[in-house]
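So the protein sequences, as listed, match chains P and C.
All letters in the first sequence, in the order written, are residues 90 to 559 by the working numbering.
All letters in the second sequence, in the order written, are residues 90 to 559 by the working numbering.
Treat the hints loosely; a few may be bogus.
For identical chains, the list gives no copy identity; a pair is met inside one copy or between any two copies.
Simulated crosslink set (DSSO-like; lysine-lysine; CA at most 30 Å straight-line) [what the hints assert, rightly or not]:
id, residue 1, residue 2
1, 310, 502
2, 385, 310
3, 196, 266
4, 266, 216
5, 310, 523
6, 502, 266
7, 385, 357
8, 266, 164
Quick caveat, the hints were computed from the structure, so don't treat them as lab data.
Number of protein chains: 2
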Amino acid sequence: MTVDTVAEPASPTRFAAAIADLTAAFGNRVVTSRAVREQHGNTVTWIANEAPDAVIYPQSTEDVQQVVRICAKHKMPIIPFGTGSSLEGHVNAPQGGVSIDFRDMNKLITVHAEDLDCVVQPGITRKELNEQLRDSGLFFPIDPGANASLGGMASTRASGTNAVRYGTMKDNVLTMKVVLANGEVIDTARRAKKTSAGYDLTRLMVGSEGTLGIITELTLKLSGIPEAISGGRCPFPSVEAACNATILTIQSGIPVARIELLDALQVKALNLGSNMGLPETTLLLMEFHGTDASVKEQAERFGDIAAEFGGGPFVWTAQAEERTKLWEARHNAAFSNFQLRPGAAMIATDVCVPISRLAECVTETQADVIETGMVAPIVGHVGDGNFHLTLLVDLKDADEVKRVKALSDRLVKRALAMDGTATGEHGVGQGKMKYMELEHGAAAVAAMRAIKQALDPQNILNPGKLLPAG
Amino acid sequence: MTVDTVAEPASPTRFAAAIADLTAAFGNRVVTSRAVREQHGNTVTWIANEAPDAVIYPQSTEDVQQVVRICAKHKMPIIPFGTGSSLEGHVNAPQGGVSIDFRDMNKLITVHAEDLDCVVQPGITRKELNEQLRDSGLFFPIDPGANASLGGMASTRASGTNAVRYGTMKDNVLTMKVVLANGEVIDTARRAKKTSAGYDLTRLMVGSEGTLGIITELTLKLSGIPEAISGGRCPFPSVEAACNATILTIQSGIPVARIELLDALQVKALNLGSNMGLPETTLLLMEFHGTDASVKEQAERFGDIAAEFGGGPFVWTAQAEERTKLWEARHNAAFSNFQLRPGAAMIATDVCVPISRLAECVTETQADVIETGMVAPIVGHVGDGNFHLTLLVDLKDADEVKRVKALSDRLVKRALAMDGTATGEHGVGQGKMKYMELEHGAAAVAAMRAIKQALDPQNILNPGKLLPAG
Numbered sequence: 090m091t092v093d094t095v096a097e098p099a100s101p102t103r104f105a106a107a108i109a110d111l112t113a114a115f116g117n118r119v120v121t122s123r124a125v126r127e128q129h130g131n132t133v134t135w136i137a138n139e140a141p142d143a144v145i146y147p148q149s150t151e152d153v154q155q156v157v158r159i160c161a162k163h164k165m166p167i168i169p170f171g172t173g174s175s176l177e178g179h180v181n182a183p184q185g186g187v188s189i190d191f192r193d194m195n196k197l198i199t200v201h202a203e204d205l206d207c208v209v210q211p212g213i214t215r216k217e218l219n220e221q222l223r224d225s226g227l228f229f230p231i232d233p234g235a236n237a238s239l240g241g242m243a244s245t246r247a248s249g250t251n252a253v254r255y256g257t258m259k260d261n262v263l264t265m266k267v268v269l270a271n272g273e274v275i276d277t278a279r280r281a282k283k284t285s286a287g288y289d290l291t292r293l294m295v296g297s298e299g300t301l302g303i304i305t306e307l308t309l310k311l312s313g314i315p316e317a318i319s320g321g322r323c324p325f326p327s328v329e330a331a332c333n334a335t336i337l338t339i340q341s342g343i344p345v346a347r348i349e350l351l352d353a354l355q356v357k358a359l360n361l362g363s364n365m366g367l368p369e370t371t372l373l374l375m376e377f378h379g380t381d382a383s384v385k386e387q388a389e390r391f392g393d394i395a396a397e398f399g400g401g402p403f404v405w406t407a408q409a410e411e412r413t414k415l416w417e418a419r420h421n422a423a424f425s426n427f428q429l430r431p432g433a434a435m436i437a438t439d440v441c442v443p444i445s446r447l448a449e450c451v452t453e454t455q456a457d458v459i460e461t462g463m464v465a466p467i468v469g470h471v472g473d474g475n476f477h478l479t480l481l482v483d484l485k486d487a488d489e490v491k492r493v494k495a496l497s498d499r500l501v502k503r504a505l506a507m508d509g510t511a512t513g514e515h516g517v518g519q520g521k522m523k524y525m526e527l528e529h530g531a532a533a534v535a536a537m538r539a540i541k542q543a544l545d546p547q548n549i550l551n552p553g554k555l556l557p558a559g
Numbered sequence: 090m091t092v093d094t095v096a097e098p099a100s101p102t103r104f105a106a107a108i109a110d111l112t113a114a115f116g117n118r119v120v121t122s123r124a125v126r127e128q129h130g131n132t133v134t135w136i137a138n139e140a141p142d143a144v145i146y147p148q149s150t151e152d153v154q155q156v157v158r159i160c161a162k163h164k165m166p167i168i169p170f171g172t173g174s175s176l177e178g179h180v181n182a183p184q185g186g187v188s189i190d191f192r193d194m195n196k197l198i199t200v201h202a203e204d205l206d207c208v209v210q211p212g213i214t215r216k217e218l219n220e221q222l223r224d225s226g227l228f229f230p231i232d233p234g235a236n237a238s239l240g241g242m243a244s245t246r247a248s249g250t251n252a253v254r255y256g257t258m259k260d261n262v263l264t265m266k267v268v269l270a271n272g273e274v275i276d277t278a279r280r281a282k283k284t285s286a287g288y289d290l291t292r293l294m295v296g297s298e299g300t301l302g303i304i305t306e307l308t309l310k311l312s313g314i315p316e317a318i319s320g321g322r323c324p325f326p327s328v329e330a331a332c333n334a335t336i337l338t339i340q341s342g343i344p345v346a347r348i349e350l351l352d353a354l355q356v357k358a359l360n361l362g363s364n365m366g367l368p369e370t371t372l373l374l375m376e377f378h379g380t381d382a383s384v385k386e387q388a389e390r391f392g393d394i395a396a397e398f399g400g401g402p403f404v405w406t407a408q409a410e411e412r413t414k415l416w417e418a419r420h421n422a423a424f425s426n427f428q429l430r431p432g433a434a435m436i437a438t439d440v441c442v443p444i445s446r447l448a449e450c451v452t453e454t455q456a457d458v459i460e461t462g463m464v465a466p467i468v469g470h471v472g473d474g475n476f477h478l479t480l481l482v483d484l485k486d487a488d489e490v491k492r493v494k495a496l497s498d499r500l501v502k503r504a505l506a507m508d509g510t511a512t513g514e515h516g517v518g519q520g521k522m523k524y525m526e527l528e529h530g531a532a533a534v535a536a537m538r539a540i541k542q543a544l545d546p547q548n549i550l551n552p553g554k555l556l557p558a559g
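Just chain P, with the same shape it has in the complex (with noise of 0.2 Å):
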């Protein structure tokens, strides 16, 4: 998409100093080129690009503390870059700096099979990570709807279609290297299964977004590929039918691996980008792991209770191909959602009520984007009761650029009234530090503050992003 804003290149003045001593360190491996500074800053949302004033690409633990180290000497400020595919403008550089891209650190390490963990280099994307484990009879669950790099997906605390059935990345990463502000690298815990070994650093760096260290391996927790997978559709009267469905499955303790919603025009844009020739009503799409006879009985089950709540016919399949098809359209949804306004950008977002909410919340929001004129279909992950509002927009009209920001807004506060958060899965970046004094109030803000303060006293640290200004 189109970019409304490019910020001036920092002048060449500005950390002059420390690009010195990082080029004497690094040499080639630092690149001050406006092109390549500017595709490291955010450039998918309606967040202007801010470019660093260098990139470098570290090959070890040990060049990212020398980096560290030096940008501390001079308080230059550091951003850590997976791939970019961060939708709340995480890798701008609002104050400048360098942004540390992780592209040569991109290795699998180790496979510790019995203990169902490996052993990555954050720039691994989730892809690369499951073509490397498909020999061992392992997969890494979580699934954000880009490629990400597993450094990334664990700094904004990223999740997807598995979490309702396999955790979030608070629940999938066992341990971390990371590097400090002071330049010191600590591992935030052993390779346990499960530790009470003091505070939990593990936690307090996922989500962190790079506000309180850097990310250079992380230990990932892995499950076996199931041996069985059914999966299927079924088309329901309205969301609230959907999400009621949704909640008596969770409750009856059926193990769904994916549990989905699609609204009406979401189904339409697959049916246009994908040729799908599904029903154009509300739509779950599910999926269950397990053994042959278990998934055929969770099917089974799932099928009755759509049916109490006027769903149906529920169609599944445990053929692999069938199945593939469908969760390809779902993964590809973004793009078919061009299909309902050639031209516009996509601007996504996406909030998580408790789930006894999710069908006020999502009905609310439809008729809010009706009023208020827009083209933006709803997919979420109800099991979690977390979803997104896709807003296909034209940027270049800044009345309506306004009118979908308020919308947007609009949506932040339904949850957050609802008891929700202002992101279930893509983070704060810059997009929503306004949110986040509403969402935990002053006084846990002024505790997220003073952990900030403790940990980077310099404020270097991918500065201006997850806390707002004090």
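Based on these hints, arrange chain C on the given structure of chain P.
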């Protein structure tokens, strides 16, 4: 058990002004009698009782805020107290202060059945909670050995026999109300099932042992009571065979709810204590949760795996009565152990290692116990790589105590050398502070200290616990 020494009662003038202020505010809910104070110092291990100067019984979050404000003014330490069942000296008052006993804050406040969560006060115990939940069809799965309070369980990041399936306290707390050292109250998160909005204050507080804040309310994830449960027991020729069967069970994706290892000595104790008539060899106790069909399938598959490693016969049942008898015996293991050495005191310790190292860690520990000339059965939550060594000790024999402490020290160092942790579920308290730097490294401990200093600059929240003096 007996207590080796009782610290002198604090000087009556110590914190006299603070106690006067507390008494002015709370009247006879402030107690300073020696008997009550000593009850609130730790008495269940070889750690000496260190009584607080006063005990207070708050009735609300506002009460706790007022206590904290008075204590902050006088720099008086505050020690939160649930049921006093902690094993590592968490409730001791090495620097004096006031013990906050949550006896009167023990209510189940709300059940959100659709959201599978509930809101409780910190003083409710896990058994009380499950009794009150019974009619809802829901339960709270975390089951440490003692009937601990939920506030204490969150503070120590407790787990138990179900953790392999349901996780630990870190996975089952959605949000908490916490009073900070400055007297402010925060909610650590919203009630939404997942979030990416800022630092994970919930997980930072879980396991922080009252050193970062005082929990006054918890929102807990609940699970549906399984439709069907099957359970059983399976003897193995060796610890190694039992551990290998455990590894393959988990790798195969069998969603086992409990998988407990008992060594031959532990089985002997159960036979003595509960008249179980079990074969006195390494034993796995199993439990499976699901539908009638799936618990049958899980049990059959486990039986096949056990046979592969020379285990069996696997005797299982879906009948509640037989199952209950077995698990009651398991839960009474601690009491049964006294039969192995009548008159001895019992000191329980726990470590956790990657499951691939578990057999080695248990076997070496068994040999060490024999070499040391001790009686010490082993029971393990082996799905997590976590096990307990229960030492039967004559605390009046100074030489024996010395040998046992050395044995316990070797156990922790053995676990750490295997990438394990000094404690899987008991916590650090006073007992394991000395291992924090060995486990985490100086830089990580320094980071923990910086966080502690940021949130509790006067060091009034449970001082002398978790973090060794810097």
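Hints, verified against the model:
Taking identical chains as interchangeable, the C-alpha atoms of residue 310 and residue 502 lie at most 30 Å apart only when they sit on different chains, with a minimum of 24 Å there against 34 Å within one chain. In the homo-oligomer, the alpha carbons of residue 385 and residue 310 lie at most 30 Å apart both inside one protomer (27 Å) and across protomers (28 Å), since each shortest distance falls under that limit. Within a single copy, residue 196 and residue 266 get their C-alpha atoms as close as 14 Å, which meets the 30 Å cut-off; across copies the closest is 41 Å, which misses it. For the identical chains of this complex, residue 266 and residue 216 are intra-copy neighbours only, at 22 Å inside a copy versus 39 Å across copies, given an alpha-carbon limit of 30 Å.
In this homomeric assembly, residue 310 and residue 523 come within 30 Å of each other (Cα to Cα) only across copies, at 29 Å, whereas the closest approach inside a single copy is 33 Å. In this assembly of identical chains, the alpha carbons of residue 502 and residue 266 lie at most 30 Å apart only when taken from different copies (22 Å versus 36 Å within one copy). Taking the shortest Cα distances, residue 385 and residue 357 sit within 30 Å of each other inside one copy (29 Å), while across copies they are farther apart (43 Å). In this assembly of identical chains, residue 266 and residue 164 lie within 30 Å of each other by CA distance solely inside one copy; the values are 23 Å within and 37 Å between copies.
Taken one by one, the earlier hints all hold for this structure without exception.
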